[in-house]
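**Q** Sequence:
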Amino acid sequence: MLQKINNSMFVGNGPIKILYPGTALSNTDTGIGSIGRIDHPEIHGNTIIRMHPHINDEILSYFRTGQAEHSDSEGFVKTIGKKTLMLMKAGKSFYHEEKILGQDEPMEGLQIFIRPSKKDLNPEVVFLDLKTIHSENKWRLLASPNPDTTFQFSSQTWLYDMKLLQGNSSEIPELPKSNLTALLYVFQGSVQVNSTIDLRKKEGIVFKNESIIINAPEDAELVLFVTDEEGEIFKDGMYSGNQM
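Counting in the working numbering, the sequence shown runs from 167 upward without gaps.
Watch out, some of these pointers could steer you wrong.
Calculated lysine to aspartate or glutamate pairs in the EDC-like style (CA-CA distance at most 16 Å, straight line) [what the hints assert, rightly or not]:
| no. | residue 1 | residue 2 |
| --- | --- | --- |
| 1 | K284 | D205 |
| 2 | K367 | D205 |
| 3 | K368 | D205 |
| 4 | K249 | E271 |
| 5 | K304 | E395 |
| 6 | K248 | D295 |
| 7 | K304 | E340 |
| 8 | K258 | E290 |
| 9 | K248 | E271 |
| 10 | K249 | D205 |
| 11 | K265 | D195 |
| 12 | K367 | E340 |
| 13 | K249 | E290 |
| 14 | K304 | D238 |
| 15 | K401 | D195 |
| 16 | K265 | D238 |
| 17 | K183 | E395 |
| 18 | K244 | D195 |
| 19 | K248 | D286 |
| 20 | K170 | E376 |
| 21 | K258 | E235 |
| 22 | K297 | E274 |
| 23 | K285 | E376 |
| 24 | K248 | D314 |
| 25 | K343 | E369 |
| 26 | K284 | E395 |
| 27 | K284 | D402 |
| 28 | K248 | E387 |
| 29 | K265 | E302 |
| 30 | K258 | E387 |
| 31 | K368 | E240 |
| 32 | K343 | E302 |
Computed beta-carbon distance windows for the label pairs [stated by the list, open to error]:
| no. | residue 1 | residue 2 | range |
| --- | --- | --- | --- |
| 33 | E340 | L191 | 21 to 29 Å |
| 34 | N288 | E263 | 16 to 24 Å |
| 35 | K367 | K304 | 20 to 28 Å |
| 36 | K170 | Y261 | 30 to 38 Å |
| 37 | H210 | N173 | 33 to 41 Å |
| 38 | N381 | K265 | 37 to 45 Å |
| 39 | F242 | D364 | 16 to 24 Å |
| 40 | E240 | S361 | 32 to 40 Å |
These are computed hints drawn from the structure, not numbers from a lab. We put the CB at the ideal spot given by N, CA and C, even for glycine.
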């Protein structure tokens, strides 16, 4: 299975564009397995996203430019950005506020809403300081269900990123098991997949049990979402849940 996601599938009229990836595949679920929703914000200037709740969402803040001052109901206050990522595991109750510091550099990134394995888990906030902003020409595992990654999802979900430099090619990383579903997303730049599918910024492909070769006609920042659709998933989270 291989299905392209066009940038026209994003919704929202403001600076935050929202992708429900499941709508590319069916009319029964807005998500794909544990991948509930992907927001791609581009915010210029200083902005405050006021304190608001999340319930049964696991949210990974993957910002590539700009900064935000994060505060939450667990008592954390911390600046996050391109070298400091954050995972908020909302569970049964969680509130947070983000002060976007976009005056000097626009804030652009992804807010990734992953479905938890179970309802009403205990809330938790985890921060990850990256050694380098980009992993060039090599996939970097950022999050998984396993304790060997700082970011640990409760569901069977994996997240990788890579900056594929112009003129280089790559396969997908070796996945932890068979029959997993993946979504390759172009955050910046453009790539060609299997010599036939052109992907630009805010486009991607969903695939399962396919051989994938990625070529970069220019520098491209890529994010790879991987989910086990047969794994245990709670599909009624406030933001990550099925909207159909």
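**Q** All hints, please: hold or fail.
**A** These are the hints, each one checked on the structure:
For the hint pairing K284 with D205, the CA-to-CA distance comes to about 23 Å; that exceeds 16 Å, so the pair is violated. Proximity of K367 to D205 is assessed by CA-CA distance (about 13 Å); at most 16 Å being required, the pair is judged to hold. Proximity of K368 to D205 is assessed by CA-CA distance (about 10 Å); at most 16 Å being required, the pair is judged to hold. In summary, the hint linking K249 to E271 is supported, as the alpha carbons are separated by about 15 Å, within the 16 Å threshold.
Straight-line distance between C-alpha atoms of K304 and E395 comes to about 26 Å, which puts the hinted pair past the 16 Å bound. Restraint check for K248 and D295: satisfied, since their Cα atoms lie roughly 9 Å apart, inside the 16 Å limit. Between K304 and E340, the direct Cα distance comes to roughly 12 Å. Compliance with the 16 Å bound is thereby established for this hinted pair. Proposed proximity of K258 and E290 is supported: the alpha carbons are some 11 Å apart, at most 16 Å.
A C-alpha spacing of about 12 Å is found between K248 and E271, which places the hinted pair at or below 16 Å, so the restraint holds. A distance of roughly 19 Å separates the Cα atoms of K249 and D205; the hinted pair therefore is violated under the 16 Å criterion. Among the hinted pairs, K265 with D195 is inconsistent with the structure: their alpha-carbon atoms are about 32 Å apart, more than 16 Å. For the hint linking K367 to E340, the alpha-carbon distance of about 24 Å lies beyond 16 Å, and the restraint is violated.
With a C-alpha separation of about 20 Å, the suggested pair K249 and E290 falls outside the 16 Å cut-off, and the hint is violated. About 34 Å separates the Cα atoms of K304 and D238, which puts this hinted pair outside 16 Å; it is violated. Taken as a hint, the K401 and D195 pair is honoured in the structure, with Cα atoms around 9 Å apart against an allowance of 16 Å. Between K265 and D238, the direct Cα distance comes to roughly 12 Å. Compliance with the 16 Å bound is thereby established for this hinted pair.
Pair hint K183 plus E395 does not hold up; C-alpha atoms about 25 Å apart against a cutoff of 16 Å. Proposed proximity of K244 and D195 is contradicted: the alpha carbons are some 34 Å apart, above 16 Å. Proposed proximity of K248 and D286 is contradicted: the alpha carbons are some 30 Å apart, above 16 Å. For the suggested pair K170 and E376, the alpha carbons sit about 13 Å apart, so the restraint of at most 16 Å is met.
For the suggested pair K258 and E235, the alpha carbons sit about 24 Å apart, so the restraint of at most 16 Å is broken. At most 16 Å may separate the alpha-carbon atoms for a hinted pair to count; K297 and E274 exceed this at roughly 20 Å. Pair hint K285 plus E376 does not hold up; C-alpha atoms about 32 Å apart against a cutoff of 16 Å. Restraint check: the Cα-Cα separation between K248 and D314 comes to about 22 Å, which exceeds 16 Å; the hinted pair is violated.
Between K343 and E369 the CA atoms are separated by roughly 26 Å; this puts the pair beyond 16 Å, and the hint is violated. A distance of roughly 14 Å separates the Cα atoms of K284 and E395; the hinted pair therefore holds under the 16 Å criterion. Between K284 and D402 the CA atoms are separated by roughly 10 Å; this keeps the pair inside 16 Å, and the hint holds. With a C-alpha separation of about 13 Å, the suggested pairing of K248 with E387 holds against the 16 Å cut-off.
Distance check on the hinted pair: K265 and E302 sit about 30 Å apart at the alpha-carbon level, beyond 16 Å; violated. Taken as a hint, the K258 and E387 pair is broken in the structure, with Cα atoms around 34 Å apart against an allowance of 16 Å. Restraint check for K368 and E240: not satisfied, since their Cα atoms lie roughly 33 Å apart, outside the 16 Å limit. As the CA atoms of K343 and E302 are separated by approximately 25 Å, the hinted pair breaks the 16 Å bound.
For E340 and L191, the hinted distance range of 21 to 29 Å is satisfied, since their beta carbons lie about 24 Å from each other. A hinted range of 16 to 24 Å holds for the C-beta pair N288 and E263, which are about 21 Å apart. A beta carbon spacing of about 21 Å between K367 and K304 agrees with the range 20 to 28 Å that was offered as a hint. Distance hint check for K170 and Y261: the Cβ-Cβ separation is about 37 Å, which falls inside the suggested range of 30 to 38 Å.
At about 19 Å, the beta-carbon gap between H210 and N173 misses the expected band of 33 to 41 Å. Between N381 and K265, the C-beta spacing of about 40 Å keeps the proposed range 37 to 45 Å intact. About 41 Å separates the C-beta atoms of F242 and D364, a value inconsistent with the hinted range of 16 to 24 Å. One distance hint, 32 to 40 Å for the beta-carbon pair E240 and S361, is violated here, with the actual separation near 48 Å.
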